[in-house]
Every structure is written in C-alpha cells, then in structure tokens.
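Participant: Go ahead and model the full structure; you've got the sequences and the hints to work with.
There are 2 protein chains.
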Amino acid sequence: MGFQMNSIVIIGAGNVATHISQALQKSGFKIIQIYSRTQAAAKTLANILNASYTSDIESICRTADLYLYALKDNALEFAIKKVSVPEALHVHTAGSVPISVFEHVTPRYGVLYPLQTFSKTKHTEFNNVPVLVEGNNPETTDVLMSIAQKISTNCYPIDSEQRAALHLAAVFCCNFVNSMYNVAEKIVSEAGLPFNILQPLIDETAEKIHHLLPAQAQTGPAVRYDTKIIEKHLEMLNGNPQLQHIYREISSLIFDMRTK
Amino acid sequence: MGFQMNSIVIIGAGNVATHISQALQKSGFKIIQIYSRTQAAAKTLANILNASYTSDIESICRTADLYLYALKDNALEFAIKKVSVPEALHVHTAGSVPISVFEHVTPRYGVLYPLQTFSKTKHTEFNNVPVLVEGNNPETTDVLMSIAQKISTNCYPIDSEQRAALHLAAVFCCNFVNSMYNVAEKIVSEAGLPFNILQPLIDETAEKIHHLLPAQAQTGPAVRYDTKIIEKHLEMLNGNPQLQHIYREISSLIFDMRTK
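Protein chains in written order, with our numbering: chain A, 1 to 260; chain G, 1 to 260.
Check the hints yourself; a few may be wrong.
As the list claims (entries may be wrong) - Once the Cα atoms are required to be at most 30 Å apart in a straight line, the calculated DSBU-like pairs of lysine-lysine come out as:
1) 228/A x 82/G
2) 82/A x 228/G
3) 232/G x 81/A
4) 30/A x 72/A
5) 81/G x 232/A
6) 81/A x 228/G
7) 120/G x 30/G
Stated by the list, open to error - Partner residues aside, some chain A positions facing chain G, computed with beta carbon under 10 Å:
8) 15
9) 177
10) 186
As the list claims (entries may be wrong) - The following label-pair restraints were derived from C-beta to C-beta distances:
11) 63/A x 245/G: 46 to 52 Å
12) 256/A x 227/G: 24 to 30 Å
13) 245/A x 213/G: 21 to 27 Å
14) 189/G x 72/A: 25 to 31 Å
15) 210/A x 239/G: 27 to 33 Å
16) 120/A x 26/G: 39 to 45 Å
17) 227/G x 120/A: 19 to 25 Å
Just so you know, these hints were derived from the structure itself, not from any lab. Keep in mind the model is a prediction, meaning the values are calculated, not measured. Note that the Cβ used here is the ideal one computed from N, Cα and C, for glycine as well.
Facilitator: As structure tokens, then:
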C-alpha cells in the first residue's frame, strides 16, 4: 500500500458524517475540515473533531488526501462537481448512489457504505458496523479496504448493484421495522401502558434471527391464518383505515411467505 | 396468601405451553400432566417435564390445583367447558381472549399472558418476560400475581382491554417486524450476500429504542421524503407488486407519523 492518507475533508455534517468522521479520527486519521450548507451543523461537528469548518463550498480546503461525501443523495452530484480536487481520493457513503456518480469528474474514487442506522444523539460502536467498499479500480478498492478495516472489523468489497440491494433491504429491516415499533408505541400508550413493556419482546424478536432464519422465526395470527384474531385486530383499528390497510397487507404477506 | 399451588395440568403443548411450563417447573411448581390433541406433542413436552400426558380430553387429571390453558384461541372455549373442575383455578395465556371466556363455567379464573415470542427450538430466558395478570376478583389476581412473580421479575396486573391492546401492539412490533426481516433476507440472498450482514443493523434498530422513542429514532428515505430513493426502490421491486405496495404504504405511514 503506497498510499498515505494524511488528511480528510468531510463533506456533510449529518448522522453518517458525525459517526464516520469520529470513527476515522479515533483510528488515527486527521480530519482537517467539515463542510455543511448549514453553518451550525458544520460548527457542531468541527468542534467535536477539533477541525475547521465552512458553509461555503468554495472555501473547502483543496489540499486534503481524501474527500468523504456524506450528503443527501440529491446534494451529492452537485458537491462532487464543485469540490473537484483531481489529485485526491473521493469517496461517498450512500447506499443507493452508484459509484458512477464520480465518473468523468475525478480519476480516483469509490464508496465506503456503513450499513447502520445512526442518530446524532445516540452513540454507536463503529467497530462492528459492516462497511461495504467499492473502488473504481482494484488499487482504489485496496486503499479503501485498508481504510475501512481501520474503523471496522466487518468490511466487504461489493459492487454498486449489491450495495443498492443492501440499502433496499435496510429500509425493510431498519426503517420499516422502526415504523412498526412506532405504531406499537402509540397503541400501548393509548392503553395507558408504558412502551418499555414491549422491550423484551422487541429484543427477543431481533435476537431470535441470530439463530433462526426469519421464515422459521415467524409467529403470530397471520402465519397461523387465525382469522378470528385478525378480524378482532382490524376491528380495534377501526378508527385508523391506514393502519387497518397495512395490517391486512402485511398479514397477507406473512401468509404468502410462510414456509410450507 | 392462603392458597397452596401443589399441582398443575398444562392444556396445550405448543410454543407458549412449552416455555411457560418449564418456567413454572423451574420455580418449584409441580406439572403433573400435559394434554394436547396431538399425542406426539403431548409426549415431547411431558418427557421434558417428566410428567404424564394424554391426547384424550376426557382423561385429563381432575385433582390438580391449577389448569393452565395454552391453546389456539379457537380451541380454548371448548377445552375450558370440557375440563370443568370447579374447585381448581383456571388460567389461560392468550393475549386476545377476554377473561370472560371463563364466566359461568368455573368460579375462580384468570389470565397469565406472557408477552414474548416463543419458538420450541429456541431457548428464551423467562425471568425477564413481562407477565400480564388478570384475575376474576382481587383475591384471584393476588394469587396469580404471586405465581407470576415466581417465574418473572416483570409482572403487571392489567385488564382484558389493555391485554388486547398489548397483543395488537405485539403483532406490529414482533410478527410484522419479523416479516420485514424476512423480506430483507430474501433481498440480500438474491444479491448473493449473507443475511448476517444485516444483523448489526437489526440489533441497533432494536437497541436504539431503549434510549429514544421510535418517532425520534426514525431514519431513512421516507421520513426525509427522499422521493428519488423511494422511486428507485419501487423500481427495484418491479417484479413484486405486493412488496411495491407495502413499500409505498409503510413509507406513507412513516411520513404521516413523523415528528414535525
């Protein structure tokens, strides 16, 4: 590995930027600057990292070795074209954006996609986060793998299509799962009960699939086709046609996907 | 507590019966007999507990102090009427069946509802399982609370309506959550990736809500109203209209439930 990674500029100051930049700094990389369109966000993260910051894309430091883009997908293309430091390595962190977003803009580029849900206010151990790596050629992939392996023990090289599939899967098993938690929270709090009464069930549901495939772990009225309970639940959701509809659709899905 | 609980008959040999009967035995209760319509299931559980068993409802032992019904909801009413030992305490374990199912059949009755997902092939620590208790009068509730507290540190008296709400919430945060895991598993395995790559994300999604409310923990394209990613995901699901529909519906739900 002839490549020396002395300094990094972080483009973005959201959830992913906040977590990955700290993981990089902890592993010995030097974060020299944070850019965010929102000055307050740039400043907050820069203070954590003891780095400089800017909200002016024209003022981004042009001497870094690595530019790491952790932006909303629709802001990414514009920022990549704007920054344009051809000697440096350019890397984005987005699940759904193919590596080709860098094509014809800069010669060395790739993706470091951390497959995790991050919130600014919640600490996350980065060491175990799967980091999915893609470079524009084998040399760049090697460099990116060596960076990834400094922040996590759980790194894989994958292509853009696989990364898109992972991102779609993540929407189901993280974002959609959390929305189911949210519905459950509303139901128990309306019944005058504390949400944490559901915590052991939520934990065990996640724990179970360390040992069983989800198809084997499926329980509940839908997989048993227990229409009496299903009808009762739909009646309980009478005031909320949206939840009734979702209850029906997911119950059908469970029944259709059951292991026969 | 003047009530002595010397012997228990378990009516049922499914997931709940298997786990609660072992928890009771471990806490010093004597399980004398297992009934199941399926002889093999009755025998398997009876062997674990070193109890007798029967698949003939007429042969259920009539000298027990407690009859614990862990049956499918639609089999419960029939079994309760059939067993009919008026001196004993009769208890079911179902989330969705009101306590009134015992009314006019027997004088002392109630519910012990363990709020957990059980599979026969997976060990579950019972000690932390919330056990929701309801008795037909304060004395019975006291007796049931004292039984519940022997098998779990996490017991609450609640009424039938609250129990029904908990069961509905459990369908969302356990059964529906598991079906989202199942979809995710199918997506990653079609992309040639191992399911366990999603495990840290799944674990963190469950862990996060120990610290944040689900509404605060929500991330992903739907809550950001990132229509570009949503459209891309719907396109990727093109071969599966059922999943496309569910993706759309849950995304709308997330957007509608977001904290403003």
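Participant: Hint by hint, note whether the structure agrees.
Facilitator: Comparing the hints with the structure gives:
no., hint, verdict
1, 228/A x 82/G, "holds (21 Å)"
2, 82/A x 228/G, "holds (21 Å)"
3, 232/G x 81/A, "holds (23 Å)"
4, 30/A x 72/A, "holds (24 Å)"
5, 81/G x 232/A, "holds (23 Å)"
6, 81/A x 228/G, "holds (19 Å)"
7, 120/G x 30/G, "holds (21 Å)"
8, 15, "holds (7 Å)"
9, 177, "holds (5 Å)"
10, 186, "holds (8 Å)"
11, 63/A x 245/G: 46 to 52 Å, "holds (51 Å)"
12, 256/A x 227/G: 24 to 30 Å, "holds (28 Å)"
13, 245/A x 213/G: 21 to 27 Å, "holds (24 Å)"
14, 189/G x 72/A: 25 to 31 Å, "holds (29 Å)"
15, 210/A x 239/G: 27 to 33 Å, "holds (30 Å)"
16, 120/A x 26/G: 39 to 45 Å, "holds (44 Å)"
17, 227/G x 120/A: 19 to 25 Å, "holds (24 Å)"
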